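Number of protein chains: 2
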Amino acid sequence: ARPRVGYFYTGRSGSELFSQKLKQIKVKDYQSIPVVVDENVSVYDAICTMFLEDVGTLFVVNGKSDLAGVLSRKDLLRASLGKQDLNEVPVHIIMTRMPNITMCEKDDLLIEAAQKLIEKQIDALPVVKKSEEGYEVIGRITKTNMTRVLVELARDER
Amino acid sequence: ARPRVGYFYTGRSGSELFSQKLKQIKVKDYQSIPVVVDENVSVYDAICTMFLEDVGTLFVVNGKSDLAGVLSRKDLLRASLGKQDLNEVPVHIIMTRMPNITMCEKDDLLIEAAQKLIEKQIDALPVVKKSEEGYEVIGRITKTNMTRVLVELARDER
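Chains A and B, in that order, give the protein sequences.
The first sequence begins at 1 in our numbering and counts up one residue at a time.
The second sequence begins at 1 in our numbering and counts up one residue at a time.
Next up, chain A with everything else stripped away, as it sits in the complex:
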């Protein structure tokens, strides 16, 4: 028999090669632009911003432009059920606030961000960068981004 040459068996299956590939994708490769509002805007204005920008999650910043809170559609829907005038309630009253915010950084693995979304049962994470006194919001990573990754990987026939 002729020797087979030129092909190496790496001991790795397709699945394993894939999971290695997936582990090379970073948050920054798929992150979206963040939409932020000031902590003093009203719940009504925040809902309008959410519709205008067509996002499911808003990030709330303080006077120093540092991350102060997160507003999901669920938070805003809950607030809208109340009896208050939504023009009178500032978002800092209803937001999820620091230090209870799950965050990620742009060089984190995408798959770690995906795990956080599942574990914390949230729709989006702020992508942050350490600032002098807090965290600057530089991106947004969502379950939509994760769905897009899956679609692109399925197309990937290289």
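Keep in mind that the hints were calculated from the coordinates and are not lab data.
On a predicted model such as this, the values are computed, not experimentally measured, just so you know.
Virtual Cβ for every residue (Gly too), placed ideally from N, Cα, C.
One thing to keep in mind: the hints can contain errors.
[To be verified] Estimated spans, in silico, between C-beta atoms of each pair:
1. B:Leu81 x A:Ser131: 30 to 36 Å
2. B:Lys106 x A:Asp156: 24 to 30 Å
3. B:Ser131 x A:Lys64: 54 to 60 Å
4. A:Asn100 x B:Lys21: 33 to 39 Å
5. B:Lys64 x A:Leu81: 27 to 33 Å
6. B:Asn62 x A:Asp85: 32 to 38 Å
7. A:Asp85 x B:Asp54: 26 to 32 Å
8. A:Lys106 x B:Asp54: 53 to 59 Å
9. A:Glu88 x B:Asp54: 26 to 32 Å
10. A:Ser131 x B:Gln84: 21 to 27 Å
11. B:Glu88 x A:Asp29: 46 to 52 Å
12. B:Asn62 x A:Glu152: 36 to 42 Å
13. A:Asp156 x B:Gly134: 25 to 31 Å
14. B:Phe51 x A:Gln20: 39 to 45 Å
We have chain A; now place chain B onto it with these hints.
Okay, now just chain B, sitting in the frame of chain A:
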């Protein structure tokens, strides 16, 4: 040199093997239980059901239990901004209705459902089965399910 035997070069890379694997996953392998409301319940009650069941999308059914509409958090948030009393407005007024509903079936490829979510910019699809006069809702597939698939594939070291 000794011949290398027992290993076959298939001509396929890890990515290609993976995309083949991904193309074997069906909607039924990851679908969730659907939460449905009758088309005559009020918007207020629908919002309460959404919180109680902790889902982002409700499916609306008619008297024959066939799919009649879809309600997203966005639809309910929009309605809650209006001046109407949410107890007085039935969901069939605000829902996305047939035939404008994007659906899938349990034996569809998961990746096709993911593509529909991205293309239509929606959070969930009803998984349906043809009934006598319409479609029975038998499941729900969401961007959360897609995120979970990604996490599980990354864990997959077989």
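Structure-based check of each hint:
In this structure the hint that Leu81 (chain B) and Ser131 (chain A) lie 30 to 36 Å apart at CB holds, the actual value being about 34 Å. For Lys106 (chain B) paired with Asp156 (chain A), a C-beta distance near 26 Å keeps the hint of 24 to 30 Å intact. In this structure the hint that Ser131 (chain B) and Lys64 (chain A) lie 54 to 60 Å apart at CB holds, the actual value being about 58 Å. Checked against the hint of 33 to 39 Å, the pair Asn100 (chain A) and Lys21 (chain B) passes, with Cβ atoms roughly 38 Å apart.
Roughly 31 Å separates the CB atoms of Lys64 (chain B) and Leu81 (chain A), a value that falls within the hinted 27 to 33 Å. In this structure, Asn62 (chain B) and Asp85 (chain A) meet the distance hint of 32 to 38 Å, their C-beta atoms being roughly 36 Å apart. Range check, Asp85 (chain A) to Asp54 (chain B): about 27 Å between beta-carbon atoms, so the 26 to 32 Å window is met. Between Lys106 (chain A) and Asp54 (chain B), the C-beta spacing of about 30 Å breaks the proposed range 53 to 59 Å.
For the pair Glu88 (chain A) and Asp54 (chain B), the supplied restraint of 26 to 32 Å holds, since their beta-carbon distance comes to about 28 Å. At about 43 Å, the beta-carbon gap between Ser131 (chain A) and Gln84 (chain B) misses the expected band of 21 to 27 Å. Against the hinted window of 46 to 52 Å, the Cβ-Cβ separation of Glu88 (chain B) and Asp29 (chain A) comes to about 48 Å, which satisfies the hint. A hinted range of 36 to 42 Å holds for the C-beta pair Asn62 (chain B) and Glu152 (chain A), which are about 38 Å apart.
As the Cβ distance of Asp156 (chain A) to Gly134 (chain B) is approximately 37 Å, the hint placing it in 25 to 31 Å is violated. Roughly 41 Å separates the CB atoms of Phe51 (chain B) and Gln20 (chain A), a value that falls within the hinted 39 to 45 Å.
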